[in-house]
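S.K.: Spelled out from the first residue to the last, the chains are:
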Amino acid sequence: MTDCSSQCAHSGLTCRDLTERVSEYLDDNISILTKVRIGLHLASCTHCRTYVQQIDLVSSALSCLPNLYPPPMNRLRLQQQFATRYSN
Amino acid sequence: MNADIAMYTESIGHFPSMSRKSPAIKSSGLTKAEDTVIARLKRGDEGAFDELVNQHHSALVRMAMGYVADREVAEEVVQDTWMAVIEGLNRFEGRSSLRTWICGILIHKAKDRGVREKRHTTFSAFESYEDDNEEAVDPSRFQQSGELAGHWAFPPQPWDDRTPEKLLVSQQAVNAMQRAIEALPSTLKEVLILRDVEGVDAKDVCEMLKITETNLYVRLHRARERVRAAVETAIG
Ligand SMILES: [Zn+2]
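These protein sequence lines map, in sequence, to chains X and Y.
For the first sequence, the residue numbers in our numbering are 1 to 88.
For the second sequence, the residue numbers in our numbering are 1 to 236.
Next comes chain Y alone, as it looks inside the complex (with noise of 0.2 Å):
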């Protein structure tokens, strides 16, 4: 083992099987702890439903973003959802998880308010994401010919911040995520922002959103790669 991967191990714990599982969701049906949050909701539990705003809102907001023009129409359709959540939760039968349900009424929410507003078009025209074999890093970054083409030209080089709490304390770090996110096209964001912002399984976030797992793959990495790339402008 060389001195490299050492301190990779150190600072990551897990080389070389690096592999991350998603959170402890099952595909379908309810988690235990959701169950939970639905007796008490259906119970009439004010501090519950409380509790369940506070834990969503924030990815709500963001995901609506992609669809509406600003924050203030985000909060709109977001106040939308959450009385339709109101209205069906004692209808709600657990077939997916309650995250899963809220996630499907806002992204038809938002999408139908964008569509209203002929903001969806103009969004989709600001950039098209028909082209699946555009690179996700910048192209220029390799070398382009000779024998190590295809290998690092201008490699990323490493940041002092190598946990997320420490990441997070920047408040450089903070704003340029916020920003790359806030200027993501909507079927970029809307993936990043179910699978790592809400942390919804890749296989529920593909049946929401009625796409296969290649092209979650292929959106994620696209735009998990335009936030780091704005972390390296701004910390690097």
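So that you can see chain X by itself, here it is in the shape it has in the complex (with noise of 0.2 Å):
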């Protein structure tokens, strides 16, 4: 089930705890401490390692959805706006 309990003994950090922090903790934008725990959990812990993966790999693939654009009409009446504006 988990493989960690000897290991999160040591640092003081459950699954749940873990769960929490892993946003802050891509972005290592957490104390040095919570970070060494939350890196000792991850040594040993199969289970939050494929959490913490999983999140990452959302949050990258957010940034490659498919574009949208905008509607023909509306592009052209901007495409005109701006060259009425910044026209020489």
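It is worth saying that the hints were derived from the structure and are not from the lab.
Worth double-checking, as some hints may not be accurate.
Cβ-to-Cβ under 7 Å is the rule here; a few derived chain X residues that face chain Y [claimed, not checked]:
hint	residue
1	C15
2	H47
3	I55
4	A61
5	M73
Not close to chain Y: a few residues of chain X, all C-beta gaps over 10 Å, as computed [claimed, not checked]:
hint	residue
6	L33
7	R37
8	S60
We put the CB at the ideal spot given by N, CA and C, even for glycine.
Can you join these two chains into the complex? Each is in its own frame, and there are hints to help.
M.R.: So this is what it looks like as structure tokens:
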């Protein structure tokens, strides 16, 4: 079920605690102490490693979602407005 | 090093210090690339304007849909935003990044439109995010009691698609992500779109939304977890 019961006793962090801090961890926006504790936990917990990896993956994938473009008429109006405003 | 860690290192590539720095944007001021774009825009370079629209339109529409009811109205709000960008470009001094400035205009207009349509109140009533103590991951997935309390009872199963590119090839995964984003309440949606879809620096997101970093990460993580859970259900 879990493979980290002994190690977690040392890091003092349960899986449930860890999952709450993952986004800060990935952004490297946490105290060095918390970072070490998370690192210790991850070193011995497959499930939390999977979880962190999935959040990282989803977050990265979001930056490459399919593009949406303006309706052609809207784009045309924007181009006209831009040309009018910035023509020399 | 045990086998699990070795495998992990291979698949992500940066364990144990697998932290991810934000994209190369300075928290204030402009990147060199933005400097160039702005100079081209101010010269009236139509190609530069088209590129700007292509680059940011998706995120603006997705963000607007956190405040208004449908895609059509969202497109109107974004169109108004682009008009304001054209109008204000000459006065833009680069105290924030170009996209921070554009997103700021969008949020202002979308909120305004949402309030006028009284949609905003409907959305807020839909789900309230005042309770910062609510956990991101469904608590029933953890052991409730005993020596292993707080440890996974129903852990996430590893996905076959371990790169963003592979994940996005799966139409099921993409649809699940899009639907999950659409279903987010605006407070969660705006942080997710700004930070992950648009890649805005965490500090800039806080400034734009007038929230603390603690708030930001609470919301960002709830939003990411909802999208992750949706993908998990779709492909798991
Ligand atoms: Zn764990």
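S.K.: Give a verdict on every hint.
M.R.: Here is how each hint holds up against the structure:
1. Below 7 Å, beta-carbon pairs count as interface contacts, and X:C15 has one with chain Y at about 5 Å; its hint therefore holds.
2. For the restraint placing X:H47 at the interface with chain Y, the shortest Cβ-Cβ distance is roughly 4 Å, inside the 7 Å limit, so the hint holds.
3. For X:I55, the suggested interface contact is upheld, since its CB lies about 5 Å from the closest CB of chain Y, less than 7 Å.
4. Because the smallest distance between the Cβ of X:A61 and any Cβ of chain Y comes to about 4 Å, under 7 Å, the interface hint for this residue holds.
5. Using the Cβ-Cβ criterion of 7 Å, the hint placing X:M73 at the interface with chain Y is not satisfied: the shortest such distance is roughly 10 Å.
6. The Cβ of X:L33 lies farther than 10 Å from every Cβ of chain Y, with a closest approach of about 14 Å, so its non-interface assignment holds.
7. With a cut of 10 Å on Cβ distances, X:R37 stays outside the contact zone with chain Y, its closest approach being about 12 Å.
8. Its beta-carbon lying about 4 Å from the closest one in chain Y, X:S60 breaks the requirement of being farther than 10 Å from that chain.
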